[in-house]
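Student: Given chain E, work out where chain W should sit, using these hints.
Quick note, the sequences are listed as chains E and W, same order.
For the first sequence, counting from 1, position 191 maps to 544 in this note's numbering; every step adds exactly one.
For the second sequence, counting from 1, position 195 maps to 202 in this note's numbering; every step adds exactly one.
FYI, nobody ran anything at the bench for these hints, they're computed from the structure.
Be a bit skeptical, because a hint or two may be false.
[Claimed, not checked] Covered, in the sense of this in silico footprint (three residues per stretch, anywhere, with C-beta under 8 Å from a C-beta of chain W), are these stretches of chain E:
#: 1; region: 370 to 381
#: 2; region: 418 to 430
#: 3; region: 589 to 601
#: 4; region: 678 to 689
[What the hints assert, rightly or not] Far from chain W by the CB rule (all over 10 Å, computed), these chain E residues:
#: 5; residue: Asn-462
#: 6; residue: Leu-574
#: 7; residue: Val-664
#: 8; residue: Met-711
#: 9; residue: Tyr-714
Just so it is clear, the structure is predicted and the values come from calculations on it, not from any experiment.
Glycine included, each C-beta is placed from N, C-alpha and C at the ideal position.
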Amino acid sequence: MHYSLRDARFRALVFQVVALGAVLAALAYLVSNTVTNLEARKIASGFGFLAREAGFAIGETTFIVYSAADSYLRALAVGLANTFRVALVGVVLATVVGTLVGLARLSSNWLVSRLATLYVEVLRNVPLLVQLFFWYAIISENLPGPRAALNPLPGVFLSNRGIAVPTLVIESAHAWVLGAFGLGLLLAWRLAVWARRRQARTGQQFHAFWAGLAIALGLPLAVFLGAGAPSALEVPALAGFNFAGGATLTPEFAALLAGLTIYTASFIAEIVRAGVLAVQRGQFEAAYALGLHRNLAMRLVVLPQALRVIVPPLTSQYLNLTKNSSLAVAIGYPDIVSIANTAINQTGQAIEGIAIIMTVYLTISLSISAFMNWYNKRIALVER
Amino acid sequence: MGSDPFIAGPGQARTKGSDPKVALAWAREHLFSSWGNTAVTLMIVYLLWKLMLPFLDWALVKAVWWSPDGKACRVEDSGACWALIADKHRFMLFGTYPFDAQWRPALASLIFVALYVVSAIRACWRPWLALVWLGGLAAIGVLMWGGVFGMVYVENERWGGLALTLLLATFGIAIAFPLSILLALARRSTMPVIRWLAIGYIELIRGVPLISLLFMASVMLPLFLPEGVTIDKLLRAQIAMILFAAAYLAEVVRGGLQAIPRGQYEAAQALGLSYWKMMGFIILPQALRISIPPLVNTFIGFFKDTSLVLIIGLFDLLTTVKVSLTEPKWTGFGVEAYIFASAVYFIFCFAMSRYSQALEASLGAAQSRGTNGAGKGVA
Chain E
354 MHYSLRDARF
364 RALVFQVVAL
374 GAVLAALAYL
384 VSNTVTNLEA
394 RKIASGFGFL
404 AREAGFAIGE
414 TTFIVYSAAD
424 SYLRALAVGL
434 ANTFRVALVG
444 VVLATVVGTL
454 VGLARLSSNW
464 LVSRLATLYV
474 EVLRNVPLLV
484 QLFFWYAIIS
494 ENLPGPRAAL
504 NPLPGVFLSN
514 RGIAVPTLVI
524 ESAHAWVLGA
534 FGLGLLLAWR
544 LAVWARRRQA
554 RTGQQFHAFW
564 AGLAIALGLP
574 LAVFLGAGAP
584 SALEVPALAG
594 FNFAGGATLT
604 PEFAALLAGL
614 TIYTASFIAE
624 IVRAGVLAVQ
634 RGQFEAAYAL
644 GLHRNLAMRL
654 VVLPQALRVI
664 VPPLTSQYLN
674 LTKNSSLAVA
684 IGYPDIVSIA
694 NTAINQTGQA
704 IEGIAIIMTV
714 YLTISLSISA
724 FMNWYNKRIA
734 LVER
Chain W
8 MGSDPFIAGP
18 GQARTKGSDP
28 KVALAWAREH
38 LFSSWGNTAV
48 TLMIVYLLWK
58 LMLPFLDWAL
68 VKAVWWSPDG
78 KACRVEDSGA
88 CWALIADKHR
98 FMLFGTYPFD
108 AQWRPALASL
118 IFVALYVVSA
128 IRACWRPWLA
138 LVWLGGLAAI
148 GVLMWGGVFG
158 MVYVENERWG
168 GLALTLLLAT
178 FGIAIAFPLS
188 ILLALARRST
198 MPVIRWLAIG
208 YIELIRGVPL
218 ISLLFMASVM
228 LPLFLPEGVT
238 IDKLLRAQIA
248 MILFAAAYLA
258 EVVRGGLQAI
268 PRGQYEAAQA
278 LGLSYWKMMG
288 FIILPQALRI
298 SIPPLVNTFI
308 GFFKDTSLVL
318 IIGLFDLLTT
328 VKVSLTEPKW
338 TGFGVEAYIF
348 ASAVYFIFCF
358 AMSRYSQALE
368 ASLGAAQSRG
378 TNGAGKGVA
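Chain W on its own, in the form it takes in the complex:
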């Protein structure tokens, strides 16, 4: 969030407050530099004052934090009903998973987060990371299903809440990513049939809304299968999400492939490498590296898009939040419930977007070292 070092004048924001003179100079430069600016600043302060005070009053001062029967929330002139969250948070986070076994989805969610953190550290970008992922995902599967080590078996109709959201997003990406690399390579292939198949697939998927794919998965997929074969709803939605993510990721990977100079291909061919060796050892490592920030951005979009499974009736985080509101004692507190849901999604997405920005900055710095970047914004 640091202010632009090229624009900020003398008296940096960092030192404001410590010395009144510096703070004054800072305020003059950034808030009151002209009559117009002063007017804008005063107007905003006034508006914030008028809006924030009632909001804080509602959200904190008059808020009801604890009320198992919800009666305190119905009292006239009471503020936000956070008691709803206090009462229903277990259901919101874990859905209808057996109450006594909810440590299992909780632990699975932690493993997910640990996997994200490990993948974010650059020193861990090694081949063994793939093994860590395989191990982590296997452990999550064992935890969620159970049936071994004395854990009760839980069928996946009962999975829900945040754990399900993380599951859809992570498994979706983990499977869609290798697929997307193949698609991107196919789209850049010199073989026309392969190229046109890839273009057709990618443009078809990107041209339609995700909802239509989810509808397709929930009502059409059963028709596609031979008689007697059925796939459960969760897996069907997961397949649709994978097909969807693969098309979008493929375009990102293709962007990375296009950024690799021709000379790299020619050098690899001159060394006598086959197509797959050239791609695997020379081109893809470079292309994927520069595509990481946009890949993370795509992942953020995908993470948000998992909320759409609500429409076909899966119990992800948003569905559990929405279902909580159908309980008579909590009806009418939608605003509080959706603020909670927003906060959970925000934490994940914001962390990822910060990470992607930082990564872009550091990768960009490494790339353009020595070149003159003067006058370039941080766009």
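The shape of chain E in the complex, shown without the other chains:
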């Protein structure tokens, strides 16, 4: 290496050192400003506040018991659990709705495909926040009060206090049913492995899918019936000004879930459609020509190719849904952002609060992209 700017490698080195130095200097400048400002405003720094009493109530909690006397840390944990709850349910529902709409757009029925197109075009082009406010307004302003609640299905009540649904009265037998289901799944998986090995060895086929399905569903069903089918439901009933019993989805949760699901589904629909269209007709025909049955052609030839196109953008939609659940703060659902925001307002420790929010989302994002990289490597086309 020549120590002259005419040497490309030396120039690159100088350039990188300068760039790194500039970034570090800028960061140092911001940090020193921040420290001065914090001192001037007498704001404590550090995460000590997490152990202090939060002093605010949270409207709804998931799994974690919480009261205003608990610490900030516990409040944030409640927020995180709420974020996961709405994101997980939202991801499942959005996938179902999105897949249905995406396939509907490909339907040969003109009415079905036009309606699906209308769904996608309208919902994709309106900001999620507007949609959230819209659903929240419908639930909180336009639904009747609990006394005149709509009752679309027996036991389900829609009112401006939320959606009340019946719940199963949990008995010890249900744990056994759940255990039987787990055992059934395990057996079905072993069966499938055995069937695949046997086919590879001897060529004999075995309907492992149907047999496995029968085991996985039959076993818990047998236990359920054997225990005398304990299926008492706790139906919500009007008590005073609200419903008691059963489970109630709050208006905030219901609006957030509806908004996230319906909005994300419009993007998933396009991904599914593109994935199906990406598999060329010839692939179907080639599979048939090889003598594969329709189901096998779908499972072994078409789906793997469609999924290769579908899964990467689909995961990024899941990630978007999770990030978008942070809009909860606008309609008052206590997710991690809204709890952290309350904490910031009470303690003034903005940097720590925002750092917590960012860490949470970065962790989720990075884990999902790690999964994506692994998946892409697994399914990547191996060419020559």
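Tutor: Below, chain W without anything else, positioned relative to chain E:
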């Protein structure tokens, strides 16, 4: 919206209605091709009938179109209260901008739209377009602030409504776009430090929700600045939006850069071009051209995301709509108000998405001319 020419059978949708026989054949093919299809069609028609009639009744027949005091909307069995929009539309579109001077944000909004239209025409994709943009944005600044040519000075705390939404979106993109090109080039650089700085920045921004950046801008940015220096709220939000957009746009540009064959780089280097000349004259013109449709899609997302400034208390279109509802005479008409807001956002976003689709089709046609595209869907 044209139906797929490869799937549609004889008797195209275009001719339906003109000849009953053709229409019948069309209906048989597209609506009643099998028992299952017929059942689905009938069920949908029934559902539409059951849902659309009450909706139309609410939205049009029983709707209240004019009622300055809002009393007519409170009458039992009245439909949609569009009177709210009629009463508050000036506030919704222009926020608290001085009432007599509201022609200025209106004109500024028109200039924005004109800039979009000019940029959409391919014959205008010339270097002078940048000058047109500079001129247009300067004119908008003069109109909004005033203080010259006899226009009253209006501080930017009073800007609001649609004009502010357009302002945030357009200035955001106009500044984020050049930044994003630099970021994309940095991420593809052979210098590891530069590459890792770019990767770190892009992944950090894309990994967190926009809200957290907006919070950061509204509560943390003041702490970052030296004592005595303050930036107003609008500019802080704008900075956050720019940082956010730049990371997303950079990934789109990088996609375009990756699509350029190696040979183009090698040919440019063989001609003895320096890095910047190679990028400026050979690679970027091609890469940006193929990235335009995804760039427009990113812009649509960004335009929708400007609504998030509501959460930090800026008066964009969504905020003005929401604030209108706090007036006692209009409380409880959220559905009408948000339908209005949706319609405004929809007009802009839908126009852009149509444009991006058309552009993709025509650019795609130009690219794959001569190659066999048989069997490929319009995905």
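Student: Against chain W, does the region 678 to 689 of chain E show at least 3 residues with beta-carbon separation below 8 Å?
Tutor: holds (count 4)
Student: The region 589 to 601 of chain E covered by chain W? Criterion: 3 or more residues, Cβ-Cβ distance below 8 Å.
Tutor: violated (count 0)
Student: Are there three or more residues in the region 370 to 381 of chain E whose C-beta lies within less than 8 Å of some C-beta in chain W?
Tutor: holds (count 4)
Student: Find the nearest Cβ of chain W to the Cβ of Leu-574/E and say whether that gap is larger than 10 Å.
Tutor: holds, 30 Å
Student: Please verify that the nearest CB of chain W lies beyond 10 Å from Asn-462/E's CB.
Tutor: violated, 5 Å
Student: Can you tell me if the region 418 to 430 of chain E counts as covered by chain W, using C-beta to C-beta distances under 8 Å and a minimum of three residues?
Tutor: violated (count 0)
Student: Using Cβ atoms and 10 Å as the threshold, tell me whether Val-664/E really stays out of contact range of chain W.
Tutor: At about 15 Å from chain W, Val-664/E clears the 10 Å cut-off, so the statement holds.
Student: For Met-711/E, which was marked as not at the interface, is the minimum beta-carbon distance to chain W over 10 Å?
Tutor: Its Cβ does come within 10 Å of chain W, the nearest being 5 Å, so this is violated.
Student: Hey, is Tyr-714/E genuinely clear of chain W, shortest beta carbon separation above 10 Å?
Tutor: violated, 5 Å
In the structure shown, a violation is registered for the earlier hints numbered 2, 3, 5, 8 and 9, in ascending order.
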